[in-house]
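Participant: Residue numbers (our numbering), protein chains in the order written: chain A, 657 to 793; chain B, 657 to 793; chain C, 657 to 793.
FYI, nobody ran anything at the bench for these hints, they're computed from the structure.
Don't take every hint at face value.
The list treats identical chains as one, so a pair stands whether inside a single copy or across any two.
Below 30 Å or equal to it, Euclidean Cα-Cα: the simulated DSS-like pairs (lysine-lysine) are [unchecked claim]:
id, residue 1, residue 2
1, Lys669, Lys658
2, Lys669, Lys687
3, Lys669, Lys730
4, Lys658, Lys687
5, Lys721, Lys670
6, Lys670, Lys658
7, Lys730, Lys658
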Amino acid sequence: MKAHTEYLLFHTKKRRELVHLTPTLEEILAKAGIAEGFMLVSAMHITAGVFVNDDEPGLHEDIWKWLEHLAPFKEGYAHHRTGEDNGDAHLKSMLVHHEVIVPVTNGRLDLGTWQRVFYAEFDGQRDKRVIVKTLGE
Amino acid sequence: MKAHTEYLLFHTKKRRELVHLTPTLEEILAKAGIAEGFMLVSAMHITAGVFVNDDEPGLHEDIWKWLEHLAPFKEGYAHHRTGEDNGDAHLKSMLVHHEVIVPVTNGRLDLGTWQRVFYAEFDGQRDKRVIVKTLGE
Amino acid sequence: MKAHTEYLLFHTKKRRELVHLTPTLEEILAKAGIAEGFMLVSAMHITAGVFVNDDEPGLHEDIWKWLEHLAPFKEGYAHHRTGEDNGDAHLKSMLVHHEVIVPVTNGRLDLGTWQRVFYAEFDGQRDKRVIVKTLGE
Chain A
657 MKAHTEYLLF HTKKRRELVH LTPTLEEILA KAGIAEGFML VSAMHITAGV
707 FVNDDEPGLH EDIWKWLEHL APFKEGYAHH RTGEDNGDAH LKSMLVHHEV
757 IVPVTNGRLD LGTWQRVFYA EFDGQRDKRV IVKTLGE
Chain B
657 MKAHTEYLLF HTKKRRELVH LTPTLEEILA KAGIAEGFML VSAMHITAGV
707 FVNDDEPGLH EDIWKWLEHL APFKEGYAHH RTGEDNGDAH LKSMLVHHEV
757 IVPVTNGRLD LGTWQRVFYA EFDGQRDKRV IVKTLGE
Chain C
657 MKAHTEYLLF HTKKRRELVH LTPTLEEILA KAGIAEGFML VSAMHITAGV
707 FVNDDEPGLH EDIWKWLEHL APFKEGYAHH RTGEDNGDAH LKSMLVHHEV
757 IVPVTNGRLD LGTWQRVFYA EFDGQRDKRV IVKTLGE
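Kindly generate the complete structure, drawing on both the sequences and the hints.
Facilitator: Here it is in structure tokens:
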């Protein structure tokens with residue numbers, strides 16, 4: 657069994673941003689030299705997420721509007737008693753989920769035709785990390 | 657370490673449909689010959705999901721009503737500028753999540769008494785795939 | 657490859673409750689003797705969840721309020737025709753998701769600074785189980 661671990665660093669310019677990870681993940685897999693396995697892609701923060709969907713700008717607009725509707729940025733979260741103003745980012749992270757497992761087959765990310773992996777930043781403009789850990793052989 | 661990979665094909669009669677996968681997954685596990693490991697069950701599309709819950713028709717009614725409430729089929733999604741009309745299906749996929757990991761112990765799917773695995777089709781009536789990848793020994 | 661499996665038992669005093677699992681998971685990892693791998697933490701019930709977020713009481717208040725808003729406890733779920741009154745608990749479980757994968761690196765849970773693992777009970781006051789399965793070497 658082989659294990660390969662890398663950490664990606666993000667420091668987004670905007671507070672809320674999507675970053676397309678698939679090309680980076682393909683490079684990591686090439687380095688890992690794993691033909692059959694699972695690649696875990698997991699945000700190491702509680703105000704960010706990782707998800708798989710389409711790389712289509714219109715859809716990304718819809719996703720942001722939808723997340724804002726279901727987990728709005730607003731005053732009044734109990735979490736804000738700590739001095740933070742990012743209660744919405746925690747809830748958005750729960751909704752989107754913070755991790756995905758990408759299957760690896762024959763040395764490639766075994767994704768469907770339109771599946772792409774995204775990092776979703778909900779409280780950026782500061783250093784954030786994603787762990788990419790591949791297990792297999 | 658062993659890896660076993662299969663692809664399930666779906667072509668649902670209705671646009672939105674749940675397909676119970678547990679018996680199929682048990683057959684796959686028997687073929688895989690893996691006693692201890694993880695089975696990834698992951699939709700290869702961005703308008704479908706995979707989830708674990710109860711095989712109870714009333715609950716399934718509730719799930720559809722709830723998904724429709726939180727991610728409604730409607731006009732006006734920005735994604736529809738591409739000519740598609742399935743913006744809701746992408747959001748439903750994000751809400752339900754597109755994959756689960758089922759633990760494998762002593763050669764069996766290690767699910768709780770009422771846990772069953774479902775494929776959730778949100779934009780069917782066409783060919784769709786699910787990858788079932790088991791890793792272990 | 658090594659596999660280590662444990663089952664945690666919960667019997668919460670309240671119907672809805674969060675249980676912080678991280679210290680227990682660290683103890684399990686020490687027993688597992690796995691340095692590199694994945695730890696699956698998965699509820700074995702369809703009315704419970706497992707998630708990663710902040711151990712901050714205000715945030716937990718926000719999470720409960722938010723879950724109640726998006727998947728309310730109420731009469732009228734079709735699932736209640738079975739005699740149950742926990743339709744909301746099934747939907748909350750789908751929203752939160754029932755499992756997480758925690759990466760294991762150098763013999764430690766490879767979590768971010770503020771990431772903690774929680775069991776979310778949505779229909780407690782009875783025996784419930786969580787499987788903790790670690791795979792690696």
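Participant: For each hint, tell me whether it holds in the structure or not.
Facilitator: Each hint tested on the structure:
1. Lys669 to Lys658: neither (36 Å within a copy, 42 Å between copies)
2. Lys669 to Lys687: Cα proximity of Lys669 and Lys687: one copy only (29 Å, versus 43 Å across).
3. Lys669 to Lys730: Within one copy only: 21 Å inside, 33 Å across.
4. Lys658 to Lys687: both (12 Å within a copy, 21 Å between copies)
5. Lys721 to Lys670: So Lys721 and Lys670 pass the 30 Å test inside a copy (16 Å) and across (28 Å) alike.
6. Lys670 to Lys658: This pair counts as neither: shortest intra-copy Cα distance 37 Å, inter-copy 43 Å.
7. Lys730 to Lys658: Answer is neither; intra-copy 45 Å and inter-copy 47 Å both fail.
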